[in-house]
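Q: If you want the building blocks of each chain, they are given just below.
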Amino acid sequence: MPVLEINNLSKTFGGLKAVNNFNLTLDEGEVVGLIGPNGAGKTTVFNLITGLYKPTGGTINFCGEDITGLQPFKISQRGIARTFQNIRLFKGITVLDNVRAVFHPRIKYNFLDALLRTPRYNVEEERVTLEAMELLGALNLAHRAYEKAANLAYGDQRRLEIARALATYPKLLLLDEPAAGMNPAEVKRMVELIRYIKQRFKLTVLLIEHQMGMVMNLCERIVVMDFGQIIATGTPLEIRNNPVVLEAYLGKGATVA
Amino acid sequence: MKLSRKTLILFAGAALFFALVKAMQFSGMITPYWQLVLDQALVIVIGALGLSIIYGFTGQFSLGHAAFYGLGAYTAGALDKVYGNGNMLFFFLSLLAGAAVAGLVALLIGLPILRLRSDYLGIATLGFGIIVRVGMENGNKLFPVLGGATGMSGTPQVANFDLIFILTLIVILLVRNFIFSTYGRACTSIREDEIAADVMGIDTTRYKVMAFVLGCALAGLAGGIYAHRYPFLHPASFDFLKSFDFLLIVVLGGLGSMTGTIVTAVGWVFLLEVLRVVLGQNFIDWRGVIYAVILIVSIIVRPQGIFSGREWRLLAPDHLKMATGKEQTHAGSGN
Chain Z
1 MPVLEINNLS
11 KTFGGLKAVN
21 NFNLTLDEGE
31 VVGLIGPNGA
41 GKTTVFNLIT
51 GLYKPTGGTI
61 NFCGEDITGL
71 QPFKISQRGI
81 ARTFQNIRLF
91 KGITVLDNVR
101 AVFHPRIKYN
111 FLDALLRTPR
121 YNVEEERVTL
131 EAMELLGALN
141 LAHRAYEKAA
151 NLAYGDQRRL
161 EIARALATYP
171 KLLLLDEPAA
181 GMNPAEVKRM
191 VELIRYIKQR
201 FKLTVLLIEH
211 QMGMVMNLCE
221 RIVVMDFGQI
231 IATGTPLEIR
241 NNPVVLEAYL
251 GKGATVA
Chain L
1 MKLSRKTLIL
11 FAGAALFFAL
21 VKAMQFSGMI
31 TPYWQLVLDQ
41 ALVIVIGALG
51 LSIIYGFTGQ
61 FSLGHAAFYG
71 LGAYTAGALD
81 KVYGNGNMLF
91 FFLSLLAGAA
101 VAGLVALLIG
111 LPILRLRSDY
121 LGIATLGFGI
131 IVRVGMENGN
141 KLFPVLGGAT
151 GMSGTPQVAN
161 FDLIFILTLI
171 VILLVRNFIF
181 STYGRACTSI
191 REDEIAADVM
201 GIDTTRYKVM
211 AFVLGCALAG
221 LAGGIYAHRY
231 PFLHPASFDF
241 LKSFDFLLIV
251 VLGGLGSMTG
261 TIVTAVGWVF
271 LLEVLRVVLG
281 QNFIDWRGVI
291 YAVILIVSII
301 VRPQGIFSGR
311 EWRLLAPDHL
321 KMATGKEQTH
331 AGSGN
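Chains as they are written, first to last, in my numbering: chain Z, 1 to 257; chain L, 1 to 335.
Treat the hints as calculated values from the structure; they're not laboratory data. Virtual Cβ for every residue (Gly too), placed ideally from N, Cα, C. Treat the hints with care, as some may be off.
Output of the computed footprint for chain Z on chain L, the stretches with three or more beta carbons under 8 Å from beta carbons of chain Z [unchecked claim]:
| # | stretch |
| --- | --- |
| 1 | 185-192 |
| 2 | 195-209 |
| 3 | 217-225 |
If you want the ones that stay clear, here's a sample from chain Z, every Cβ over 10 Å from chain L, calculated [said to hold, decoys possible]:
| # | residue |
| --- | --- |
| 4 | Pro37 |
| 5 | Gly39 |
| 6 | Lys54 |
| 7 | Pro72 |
| 8 | Gln77 |
| 9 | Phe84 |
| 10 | Glu125 |
| 11 | Asp226 |
| 12 | Thr233 |
| 13 | Asn241 |
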C-alpha cells in the first residue's frame, strides 16, 4: 500500500491554476524530489497535502485513508509532518519547548493532572523532556536546548525545524527547500542528515529543493512541475537529460552544456 | 501529591509576606485605606493573570477584559445580595458563579470571534465590552436588583485581606501549573506561529478558546471578589478604560511573563494611589498625564516589557538536568 496517493489534485486561485491535475504516488521508504522553476506550484502541493489549502478538485490518500480537506492538525496527527520554505519556528520560546510543544497530541495526562501536578503529570513531563532531548541530540542541537529558538544560527534553525517535525512521529516528511541559502559544505551535511533521519525514523520523504546537486544525490525519483502541472518524472539521470525539463528551466532552444 | 521544593519555598515566602502584612495591620502601619488598596492590587493580579493567559501566552488580543471582570462582579454581587446574607459558603458559591458566567459568555463569543486575528479581534472584543457596559446600565429594567446606571450596592462585604490573599495565591499556583504544562505550551506555540502550530498537530481553535475562557473566568473571579470588598458597583468601573488598565499591566510587565504581570499589577495599582496622595486634591487630574508619560517612556525604553518573557526562578519549573550531557553523534553532525 502506498504511503501517499494523490489523484488529479487541483487548486485554483481565482483564474490561476496553481496546481492542475497533479498525480503522485509515494511508496514506503522512498525519497522523491519535487522540482521546478519558481512559481511552478511546488509549495502549493505541500500546502494542499498538509491541509493549509483546501483542494479545488482531486483526492489525497494517506496510508489508504482519504485525508482530502481535513484540518491541518488532524493531518499532522495521522503522520504527515513538514518544514517550511521560510522557517516558521516558535521563535520566542526555547529550543526544547519548540520540540516539546508538538508532543502535545500524544501527552498522556489531562487538564486536571496539569493543574494539580499529579504524579501522572510529573512522570509524563519527564518522559516528554527526555524524548525531546534525545531528538535534539540526534540533530546535534542538545547543547542549545535552553536557548531561545530565535538566537540559533540559520543552519541550526533549519535543523530545529526538522527536529520539531520529527517530534510529531511522522511517517511522511515533507521538506520545503531545507538547503536554501546554505553553502556547499552545509548542503553536503544536510544531505547526510536527511539520509540519517530517513533511515533512523523510517520515513518516506518528499523534498522540494533548488540545489540540483542535493536532489540528484538524495532522490531515487524526481517529479518536475511547471505552471502547476507535472511535466516530467523519472530517475535523476533521466531528468538531467530530459529536454522538456531543460526548456522549463532555461527556455526554448537550450541544450545540455 | 508531592509538592516540589520551589512550591514549598513559594508557600514559605507567601506565609512570610502574610505575616508581615498582619503585623503591620496590628501595629497600625497599614491604614484601612491602604489595606483597601492592597486588596484591590491582589484582585487586579487575578484579573490581569487572566489577560496574561489570553494575550501574553496565547497571543489573542483582547480589549474587552473588563467586561468579563464586570460580568463576574455583577453576577457574584447580585447573587450574594439576594440570597447570601454574608454566609461564607454563599460567598464562595457566588464567586464560582461569577467566574462560571464570565467563562460561559467567553465561550459563546469566543467561538465566533477567535477566528479573527489581532487587530480585528481587538475591535470585536472592544465592541463586546461596550455591549456589556450598556447591558449593565440598563440591567435594572430586567432585574431591578442590578441598579442600572446608578450603580449597585448591598452586596455583603465579606471578603477581607486573608481570603483575598489565599485566593490570589491559589490562582497564581494554578496559572503557573497551566502555563508550564503541555496545555500552556500549546497556547504559547499558537502565539508564536499559529500556522506552524496547526500544521504540527495542535488544535489551534480549541486552545485559543480554552485560553480565552480560562482568562475570562479569572477576570470573573476577580470581579466577584471585588464586589465583596467594595460596597458600590458601577458600570463605569468596568468600561473600556478598565480593559485598558489590564492591557497596560500585561504589556508593561512583558508578554509571556507571569512574574511581569503580577509585579506590574501590584505596582500599577499602588502607583495610581501614590500619585493621588502626592498630587493632592487640586492636581488629581494630572494623574492621567503622569501615568501616560510613564507609559510612553517605559514602552520606548523597554518595548518588550519589564520582564520580557522571563520568569522569576521560583515560578519556572526545574530544568531536567540529565540528558544534556551525552550527545549522540550522527553522520551529519561534525566533520
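Q: Work down the list of hints and note, for each, if the structure agrees.
A: Structure-based check of each hint:
1. 185-192: Holds: 6 residues of the stretch 185-192 of chain L have a Cβ under 8 Å from chain Z.
2. 195-209: holds (count 10)
3. 217-225: That given contact is violated, which follows from only 0 residues of the stretch 217-225 of chain L lying within Cβ reach (below 8 Å) of chain Z.
4. Pro37: Pro37/Z is indeed farther than 10 Å from all Cβ atoms of chain L, at 25 Å.
5. Gly39: holds, 21 Å
6. Lys54: holds, 14 Å
7. Pro72: For Pro72/Z, whose nearest Cβ neighbour in chain L is about 4 Å away, the distance does not exceed 10 Å, so it is violated.
8. Gln77: Violated, because the least Cβ-Cβ distance between Gln77/Z and chain L comes to about 5 Å, which does not exceed 10 Å.
9. Phe84: The assertion about Phe84/Z is violated, with a minimum of 7 Å to chain L.
10. Glu125: violated, 8 Å
11. Asp226: holds, 26 Å
12. Thr233: holds, 26 Å
13. Asn241: Per Cβ check, Asn241/Z is outside 10 Å of chain L; nearest 30 Å; holds.
Figure legend: structure checked against the earlier numbered hints; hints not met, in rising order: 3, 7, 8, 9 and 10.
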